[in-house]
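K.L.:
Residue-level listing of the chains:
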Amino acid sequence: MENPAQFDLNDRIRQWRIELANSPALGGRDLDELETHLRDSFEVLRARGVEAREAFEMALRRLGTSRELEAEFAKVNSSWVWSERALWVLCGVLGANLLGSFAAFFSNVVLNLSTWKGLGPRMIGCLQFITYWIATVALIWLVVQVVTRRSHWLQRAGEVALKKPVWAGLALIGGLEVLQVLPRHAMRWLEPLWQHLANTGRSLPAESHTVISAWLVWGFFLTQALWVASVPLMAAYVWRKRSQSGVWLQRGLWVLIGVVVARLFTGLILEPSSVLLAVSYSAPPLVQHLAGLASIGLCLGVAAGTLLALAKTVSKYPAQWEWVSRLCRERPLVGAILCVSACAAVETSLYFVARMVLPGQLGIGTIGSSWLRASGVLVYVVVPTTLLLWLARRRQARFPAVTS
Amino acid sequence: MLSKELVAASTTTLVLSILSEGESYGYALIQRVQELSDGKIEWSEGMLYPVLHWMQKQELIESEWRESETGRKRKYYRLCKEGRRALEGERREWNTVHSTLTKLWKTQPSLT
Chain A
1 MENPAQFDLN
11 DRIRQWRIEL
21 ANSPALGGRD
31 LDELETHLRD
41 SFEVLRARGV
51 EAREAFEMAL
61 RRLGTSRELE
71 AEFAKVNSSW
81 VWSERALWVL
91 CGVLGANLLG
101 SFAAFFSNVV
111 LNLSTWKGLG
121 PRMIGCLQFI
131 TYWIATVALI
141 WLVVQVVTRR
151 SHWLQRAGEV
161 ALKKPVWAGL
171 ALIGGLEVLQ
181 VLPRHAMRWL
191 EPLWQHLANT
201 GRSLPAESHT
211 VISAWLVWGF
221 FLTQALWVAS
231 VPLMAAYVWR
241 KRSQSGVWLQ
251 RGLWVLIGVV
261 VARLFTGLIL
271 EPSSVLLAVS
281 YSAPPLVQHL
291 AGLASIGLCL
301 GVAAGTLLAL
311 AKTVSKYPAQ
321 WEWVSRLCRE
331 RPLVGAILCV
341 SACAAVETSL
351 YFVARMVLPG
361 QLGIGTIGSS
371 WLRASGVLVY
381 VVVPTTLLLW
391 LARRRQARFP
401 AVTS
Chain B
405 MLSKELVAAS
415 TTTLVLSILS
425 EGESYGYALI
435 QRVQELSDGK
445 IEWSEGMLYP
455 VLHWMQKQEL
465 IESEWRESET
475 GRKRKYYRLC
485 KEGRRALEGE
495 RREWNTVHST
505 LTKLWKTQPS
515 LT
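Chains as they are written, first to last, in the numbering used here: chain A, 1 to 404; chain B, 405 to 516.
For the record, the hints were derived by calculation from the structure and aren't laboratory data.
Nothing here was measured: the structure is a model prediction, and the numbers come from that model.
Careful: at least some of the hints might be erroneous.
Unchecked claim - Pairs of lysine-lysine residues, derived as PhoX-like cross-links and limited to a Cα-Cα distance of at most 25 Å, are as follows: (1) A:316 to B:461; (2) A:75 to A:316; (3) B:461 to B:477; (4) B:461 to A:312; (5) B:444 to B:510; (6) A:241 to A:75; (7) B:507 to B:444; (8) A:312 to A:75; (9) B:461 to B:479; (10) B:461 to B:485; (11) A:75 to B:461; (12) A:75 to B:408; (13) B:408 to B:444; (14) A:75 to B:479; (15) B:408 to B:461.
Claimed, not checked - Which chain A residues stay away from chain B? Per the calculated CB distances, all over 12 Å, these: (16) 120; (17) 236; (18) 271; (19) 285.
From the three backbone atoms N, C-alpha and C, an ideal C-beta is built for every residue, glycine too.
With the hints as extra help, turn the sequences into a complete structure.
P.N.:
Structure follows, in structure tokens:
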């Protein structure tokens, strides 16, 4: 009847394990226990005379589908589920850095070129906005291509990185810094070209500069709104595709949330530090350096406080959180409008509070700006990289048995 | 067949009661419940493990990985002190429900 060569129990179990190994809800030990169960169940069915393949399928059915198992285990392993989400959010935070400098470079080039061509301020603002999004989408597309087509590269890189986490961390921080600094330097190297173009092009009347910056501000707000709106839209997409989508789509959603969080909180997290540096601007250099040191602590404190407050809110109001996530999944457009309005309200009120505390622009000087830059690097690159590697190592320790 | 709600409500009590007979592992627990209930209590198999893990977190039971007589590694569960105490409480509560219903129906349903 059956050909034993056609059915390899160990191979089938390995495939089943790989399918579930991507889920943060189940650890290596959980899978070991379920595997023993599956083997027991299989043997009992075989002893009753059920054919091997059929016996395995029956045992699997009785155990439950991957989705059911995931949902049930997620209830007891919720801390693992959230640490997996945090891992991808951190990737998003790091990605936001890269995306920001990459897209800003191209939109600056377009800004300079269109100024030289003597385009109207409205046109310049629009062109810059469009360039930003083309560059952003192009970079995202590139990343998606690498993830989907060359996932073994990523896996290999991850394995190497986790063997030497300190070196990997330093390399990642260094690499991100180079990618941040390069476009900025490239803009500086192109400076003579812009000068030349400015001399040969039609010069813009002085008043149009304010109009351009007004358009750039509008472009910035629209960009923020589009980023915020993309989260509920993506959540709805992932939800609809949940039966056939791979695990990467879900991870992508959390990466996107990381990008949006990094973009939304940049101002909030660095603002208190810049106030401190502005206040100490006219003091002697030593005091300025001390204030700089304090500003780093302040910045880290604000970042940690904001994250804790967010986590507390989510865990204290699970019903409301569930309501929001259901709204985003089921009515993505309403969700998008709601999210954008909420973020706009918070950002605007913070802006007005900042304006009330600080009348007008305050200079922070060279010392101050170096410290502010250092705070930015620490809170957006060094801390996320360290946390990312820590979470990744913890995660790896939980899945010792997974091999493909 | 028992309703889903009643199955869910009785799972911990059943696990505690079976483990009070001696240590056991997931698959055997399921078999035992099926056997005792004549197949009327049907647990969805994979769902038992999160319950066991939750009970372990509550320190009602403890577990240990050990090689069985067949050579297969198994996770054995056994009752803790806290679990015995919880079982006493559960027994009282279920007996209350049982005796109340018995008086109401004036019959002898076999709940024990």
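K.L.:
Against each hint, give a clear statement of whether it holds in the structure.
P.N.:
Quick rundown of the hints versus the structure:
1. A:316 to B:461: holds (21 Å)
2. A:75 to A:316: Between residue 75 of chain A and residue 316 of chain A the Cα gap is close to 16 Å, so the pair holds against 25 Å.
3. B:461 to B:477: Since the Cα atoms of residue 461 of chain B and residue 477 of chain B sit roughly 22 Å apart, the hinted pair holds (cutoff 25 Å).
4. B:461 to A:312: Status holds; Cα separation ~22 Å.
5. B:444 to B:510: holds (23 Å)
6. A:241 to A:75: holds (22 Å)
7. B:507 to B:444: holds (24 Å)
8. A:312 to A:75: Answer holds: residue 312 of chain A to residue 75 of chain A is near 18 Å, not above 25 Å.
9. B:461 to B:479: holds (15 Å)
10. B:461 to B:485: holds (14 Å)
11. A:75 to B:461: This hinted pair holds, its Cα atoms lying about 12 Å apart.
12. A:75 to B:408: holds (18 Å)
13. B:408 to B:444: holds (12 Å)
14. A:75 to B:479: Distance of about 20 Å is within 25 Å: holds.
15. B:408 to B:461: Answer holds: residue 408 of chain B to residue 461 of chain B is near 24 Å, not above 25 Å.
16. 120: holds (63 Å)
17. 236: Given that every Cβ of chain B is farther than 12 Å from that of residue 236 of chain A, nearest at about 28 Å, it holds.
18. 271: The claim holds: residue 271 of chain A sits with its nearest Cβ about 41 Å from chain B, beyond 12 Å.
19. 285: Label holds. Min Cβ-Cβ 55 Å, cutoff 12 Å.
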